[in-house]
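Student: As a plain string of letters, each chain reads:
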Amino acid sequence: DTAVSQTPKYLVTQMGNDKSIKCEQNLGHDTMYWYKQDSKKFLKIMFSYNNKELIINETVPNRFSPKSPDKAHLNLHINSLELGDSAVYFCASSPLSINEQFFGPGTRLTVL
Amino acid sequence: DQQVKQNSPSLSVQEGRISILNCDYTNSMFDYFLWYKKYPAEGPTFLISISSIKDKNEDGRFTVFLNKSAKHLSLHIVPSQPGDSAVYFCAASVVTNAGKSTFGDGTTLTVKP
Chain P
1 DTAVSQTPKY
11 LVTQMGNDKS
21 IKCEQNLGHD
31 TMYWYKQDSK
41 KFLKIMFSYN
51 NKELIINETV
61 PNRFSPKSPD
71 KAHLNLHINS
81 LELGDSAVYF
91 CASSPLSINE
101 QFFGPGTRLT
111 VL
Chain U
1001 DQQVKQNSPS
1011 LSVQEGRISI
1021 LNCDYTNSMF
1031 DYFLWYKKYP
1041 AEGPTFLISI
1051 SSIKDKNEDG
1061 RFTVFLNKSA
1071 KHLSLHIVPS
1081 QPGDSAVYFC
1091 AASVVTNAGK
1101 STFGDGTTLT
1111 VKP
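Here the protein sequences line up with chains P and U, keeping their order.
Taking this note's numbering, the leading residue of the first sequence gets 1, the next gets one more, and so forth.
Taking this note's numbering, the leading residue of the second sequence gets 1001, the next gets one more, and so forth.
Be aware that one or more of the hints could be misleading.
As a list, the in silico SDA-like pairs of lysine to any residue whose alpha-carbon atoms are at most 25 Å apart [stated by the list, open to error]:
no.: 1; chain 1: P; residue 1: Lys71; chain 2: P; residue 2: Asn26
no.: 2; chain 1: U; residue 1: Lys1005; chain 2: U; residue 2: Thr1045
no.: 3; chain 1: U; residue 1: Lys1100; chain 2: P; residue 2: Pro66
no.: 4; chain 1: P; residue 1: Lys44; chain 2: U; residue 2: Lys1037
no.: 5; chain 1: P; residue 1: Lys22; chain 2: P; residue 2: Val12
no.: 6; chain 1: P; residue 1: Lys44; chain 2: U; residue 2: Pro1079
no.: 7; chain 1: P; residue 1: Lys41; chain 2: P; residue 2: Val60
no.: 8; chain 1: P; residue 1: Lys44; chain 2: U; residue 2: Arg1017
no.: 9; chain 1: P; residue 1: Lys40; chain 2: U; residue 2: Val1087
no.: 10; chain 1: U; residue 1: Lys1100; chain 2: P; residue 2: Asp30
no.: 11; chain 1: P; residue 1: Lys67; chain 2: P; residue 2: Thr110
no.: 12; chain 1: P; residue 1: Lys19; chain 2: P; residue 2: Lys40
no.: 13; chain 1: P; residue 1: Lys44; chain 2: U; residue 2: Pro1009
no.: 14; chain 1: U; residue 1: Lys1100; chain 2: P; residue 2: Pro105
no.: 15; chain 1: P; residue 1: Lys44; chain 2: U; residue 2: Ser1074
no.: 16; chain 1: P; residue 1: Lys41; chain 2: U; residue 2: Ile1053
no.: 17; chain 1: U; residue 1: Lys1068; chain 2: U; residue 2: Gln1006
no.: 18; chain 1: U; residue 1: Lys1071; chain 2: U; residue 2: Thr1096
no.: 19; chain 1: P; residue 1: Lys44; chain 2: U; residue 2: Lys1068
no.: 20; chain 1: P; residue 1: Lys52; chain 2: P; residue 2: Ser39
no.: 21; chain 1: P; residue 1: Lys36; chain 2: P; residue 2: Asp70
no.: 22; chain 1: U; residue 1: Lys1100; chain 2: U; residue 2: Ser1052
no.: 23; chain 1: P; residue 1: Lys40; chain 2: U; residue 2: Phe1046
no.: 24; chain 1: U; residue 1: Lys1071; chain 2: P; residue 2: Ile98
no.: 25; chain 1: U; residue 1: Lys1100; chain 2: P; residue 2: His73
no.: 26; chain 1: P; residue 1: Lys41; chain 2: U; residue 2: Lys1100
no.: 27; chain 1: P; residue 1: Lys41; chain 2: U; residue 2: Asn1027
no.: 28; chain 1: P; residue 1: Lys40; chain 2: U; residue 2: Lys1056
no.: 29; chain 1: P; residue 1: Lys44; chain 2: P; residue 2: Lys67
no.: 30; chain 1: U; residue 1: Lys1056; chain 2: P; residue 2: Glu100
no.: 31; chain 1: U; residue 1: Lys1068; chain 2: U; residue 2: Thr1026
no.: 32; chain 1: U; residue 1: Lys1037; chain 2: P; residue 2: Asp30
no.: 33; chain 1: P; residue 1: Lys41; chain 2: P; residue 2: Asp70
no.: 34; chain 1: P; residue 1: Lys41; chain 2: U; residue 2: Asp1031
no.: 35; chain 1: P; residue 1: Lys41; chain 2: P; residue 2: Lys71
no.: 36; chain 1: U; residue 1: Lys1005; chain 2: P; residue 2: Met46
no.: 37; chain 1: P; residue 1: Lys41; chain 2: U; residue 2: Val1094
no.: 38; chain 1: P; residue 1: Lys9; chain 2: P; residue 2: Pro69
no.: 39; chain 1: U; residue 1: Lys1100; chain 2: P; residue 2: Phe64
no.: 40; chain 1: U; residue 1: Lys1037; chain 2: P; residue 2: Val88
Please keep in mind that the hints were generated in silico from the structure rather than gathered at the bench.
Isolated chain P, as found in the complex (with noise of 0.2 Å):
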């Protein structure tokens, strides 16, 4: 019973295709984000959902969009992938106003 689980673990893809990462929690959380995790290891918040609303955008490429069907999920799809895009990607949520944030095994997305 995986409380934020991602889909797909890995992902190799050529340059100029557009792809999706899903995530889905099932921990009842209101908050759902999306981080990168790029080669120098920092963690850097990109979107944060609360309850189907966009709360956070940080400084992320337009190519990158999130969608959010339900409180449950949080799905990122990002167009024409450019190199620069290969990273780690973890998908967290956390309840309403709660700091602590539990995070998903994350996505490796490797741009060829």
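Add chain U to chain P, keeping to what the hints say.
Tutor: Frame of chain P; chain U shown alone:
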């Protein structure tokens, strides 16, 4: 502008000894601090946190100390165990902006048997 820094990329400690992981921050608005632990091929897991109204929080073998004037916090693990070998991330946030945590770049702890 890196607001949360973990200046030691790695730390090696003998089993049974104390591990001390350090974290510095620059934004004086931060008032809530967290430590996460990450094993390879897994996501970070929450370990312990501290509010800026405290200077110490303890949970079993893990203690976090906060020095607000120095904008410094540390995580002490006593006694260290081989299973503690992981990457430890420090994170800072503003309580009124809950959810937006700024992470450091992690310290890899190796506990040798």
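Student: Indicate, hint by hint, whether the structure satisfies it.
Tutor: The hints, checked one at a time:
no.	hint	in the structure
1	P:Lys71 / P:Asn26	10 Å, holds
2	U:Lys1005 / U:Thr1045	19 Å, holds
3	U:Lys1100 / P:Pro66	17 Å, holds
4	P:Lys44 / U:Lys1037	16 Å, holds
5	P:Lys22 / P:Val12	15 Å, holds
6	P:Lys44 / U:Pro1079	31 Å, violated
7	P:Lys41 / P:Val60	17 Å, holds
8	P:Lys44 / U:Arg1017	32 Å, violated
9	P:Lys40 / U:Val1087	13 Å, holds
10	U:Lys1100 / P:Asp30	14 Å, holds
11	P:Lys67 / P:Thr110	22 Å, holds
12	P:Lys19 / P:Lys40	23 Å, holds
13	P:Lys44 / U:Pro1009	17 Å, holds
14	U:Lys1100 / P:Pro105	20 Å, holds
15	P:Lys44 / U:Ser1074	21 Å, holds
16	P:Lys41 / U:Ile1053	30 Å, violated
17	U:Lys1068 / U:Gln1006	16 Å, holds
18	U:Lys1071 / U:Thr1096	19 Å, holds
19	P:Lys44 / U:Lys1068	24 Å, holds
20	P:Lys52 / P:Ser39	30 Å, violated
21	P:Lys36 / P:Asp70	22 Å, holds
22	U:Lys1100 / U:Ser1052	16 Å, holds
23	P:Lys40 / U:Phe1046	21 Å, holds
24	U:Lys1071 / P:Ile98	22 Å, holds
25	U:Lys1100 / P:His73	19 Å, holds
26	P:Lys41 / U:Lys1100	18 Å, holds
27	P:Lys41 / U:Asn1027	21 Å, holds
28	P:Lys40 / U:Lys1056	30 Å, violated
29	P:Lys44 / P:Lys67	19 Å, holds
30	U:Lys1056 / P:Glu100	18 Å, holds
31	U:Lys1068 / U:Thr1026	10 Å, holds
32	U:Lys1037 / P:Asp30	23 Å, holds
33	P:Lys41 / P:Asp70	30 Å, violated
34	P:Lys41 / U:Asp1031	24 Å, holds
35	P:Lys41 / P:Lys71	28 Å, violated
36	U:Lys1005 / P:Met46	19 Å, holds
37	P:Lys41 / U:Val1094	22 Å, holds
38	P:Lys9 / P:Pro69	21 Å, holds
39	U:Lys1100 / P:Phe64	19 Å, holds
40	U:Lys1037 / P:Val88	16 Å, holds
Against the hints set out earlier in the document, violations occur for numbers 6, 8, 16, 20, 28, 33, 35.
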